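Q: Single-letter residue listing:
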Amino acid sequence: MEDRKERAFQDKIDAELKIEPKDWMPEKYRRHLIRQISQHAHSEIIGMQPEGNWITRAPSLRAKMVLIAKVQDEAGHGLYLYSATETLGITRNELITQLQTGKAKYSNIFNYPTLTWADVGAIGWLVDGAAIVNQQSLRRTSYGPYSRAMIRICKEESFHHRQGYEIMSKMALGTTEQQEMAQDALDRWWWPSLMMFGPHDSDSAHTSNAMQWKIKRETNDDLRQVFVDRAVKQAELIGLTIPDSELKWNPKNKNYDFGKIDWNEFWEVVNGNGFCNKERINNHVKAHEEGKWVRDAAIAYTEKNKNGARA
Amino acid sequence: MRNDNLPVWEVFVQPKTGAHFQHCGSVHATDKEMALQNARELYTRRQEGSCIWVVKAEDIVSSNPNDSESFFDPADDKVYRYPTFFKVSKKVKGL
Amino acid sequence: MRDTILFKYVLSLGDDALISAQRLAQWAYKAPFLEEDIALSNISLDLFGRANFLLEYAAELKGENTTADDLAFKRDERKFTNLLMCEHPNGNFADTIVCRFFLDAYDKLFFYTLSKSRDKQLASIAAKAIKETTYHYRHSSNWVIRLGDGTEGSHRKVQEAINNLWTFTGEFFKMTQTDIVMMKKKVGVDRKALKIEWDKTINDVCKEATLRIPENSFMTTGGREGIHTEHLGHLLSDMQYLQRAYPDATW
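Chains as they are written, first to last, in the working numbering: chain A, 1 to 311; chain B, 1 to 95; chain C, 1 to 251.
One thing to keep in mind: the hints can contain errors.
Stated by the list, open to error - In silico DSS-like cross-links for lysine-lysine, where the CA-CA straight-line distance does not exceed 30 Å:
#, chain 1, residue 1, chain 2, residue 2
1, C, Lys62, A, Lys170
2, A, Lys103, C, Lys120
3, C, Lys184, C, Lys8
4, C, Lys128, B, Lys16
5, C, Lys200, A, Lys306
6, C, Lys74, C, Lys30
7, A, Lys292, C, Lys30
8, C, Lys207, A, Lys292
9, B, Lys32, C, Lys131
10, C, Lys184, A, Lys304
11, C, Lys62, C, Lys207
12, C, Lys184, C, Lys120
13, C, Lys8, B, Lys32
14, C, Lys128, B, Lys32
15, A, Lys304, C, Lys30
16, B, Lys56, A, Lys304
Since the hints were made in silico from the structure, they are not lab data.
As the structure is a prediction and not an experimental result, all values here were calculated from the model.
Take the sequences, apply the hints, and build the full model.
A: Here it is as structure tokens:
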């Protein structure tokens, strides 16, 4: 019986049909989705912090408005994704607990600090640039609510990427100090951005099932290559140098070969030894705990006024 | 510890006047007004709507995909519901 | 400069919006739950937008190639003429909500009157502000009621916020020399005349929220003359840091 259901499920996926919340799905598929979508959601939410770090210091009214709108979009994207995860039978509070206790992960990149205004540019250009490559691919993911969230997110996300590149361009073409900040930001964010695509597929524990179920549509390495090819040209245009001496055009493959990624650093940061791991989670816990009395009050108000106009 | 899971509301946005309302996701809120405001903040930040409905997720009744054969297939032989079922001479106008 | 009085008037309105917006922006990723985070950012964005329009107008009045950014990022505390309520630190969620509630109720009345200004530019900025403020008021007044009539703890917090912030509300209705000149020219608003309606709004909402209006009537004023609480200086040193540190750079 299970076998037959599972075969029907796989047939549906192979036919490029979407799986919807009430459809039968293998428990492993459900668990894989919860892990992946919530990790994605947590990344959006924790990702608000490194950029939020510069909202009050953004150097012009325009820059300030754009950055607030961007950080706000990240909250929105986190919400779309929590909303998609909740269709799999888990509550947002459970997801938040998983994040706060370290059971669920978020993208490693957000454990790096934003030290100058150019870092805000680098995040938009490189980190969002990398995220977009991944997200565009995920629009075709097999789970309906996840796919729909991705479509919406991709539409909204395109301005983020441009905003980052605009900041970098202005600085790269600005005063000497600004140019230094821009190059320094690229130097620090380049390799972590490449790591965002995850380990090589041969070393990734989750790739094979995810590909078979069409949760993932392209491999980590393929997506990473797309990102590198795009970014190299963008860096050239504004006169910045990518910090990789082995970076070279490969005429045969028609793409750029690049140097070895330091996976030791990656795993160190994943395992909690990044600059900001503790702080990011502590900030999240603090806001959540300080908000508890507000949530309680709103619930109590509704209970008291069940028959009123607002409840 | 008190459970502070806020109730989930499903959100439907009408993209423009006269159009169908479309489901676009959910928000958490404790009351109707908050649900409306949260939906407005989340799903119409780029002027995507002219009207919003919110409804408590627990109040939505859904058909079950397992029942879909009995639910939807019986409609597959009702070809007479479609205008193409009827043969009308090409000379007849306004029909 | 074309018109010093009008410049001062527009600038003070721009400062109200700018300082309020900067305060609200500090809530980013710290709100009680995610939906509320987005709501507070939206209000902050509306206010930055308004600040931008007003400061651009002020810059134009000032001439000498002044920009809105110059006015926002290159003035010292004493040159800022925002109402004191706007600069008050965020405190807890109740403090922020009460602060916004008092200001939103005031803004609603103020911009309604300003939308009839003889100055076309102010009138059009005000017309846009009315729409935004109507929504902001809906947000903050609803929260005052939820918190007031919520739990014992939330009731206490919101009542404390009202008691602490009440002293800064008198300034809303205190006419300065600039106000009087602008009112006589039918450009500005008779702020004193807004008090009756404002009191009524506050009373009605507080009644529904089971909250008390303080009897203490001493009012702290000074914002419009550039006399501020110590909080403003810190807000500005944070906000203005890059422009001050790299005066030759464009961003």
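Q: Which numbered hints turn out to be false for this structure?
A: Of the numbered hints, 2, 10, 11 and 13 do not hold.
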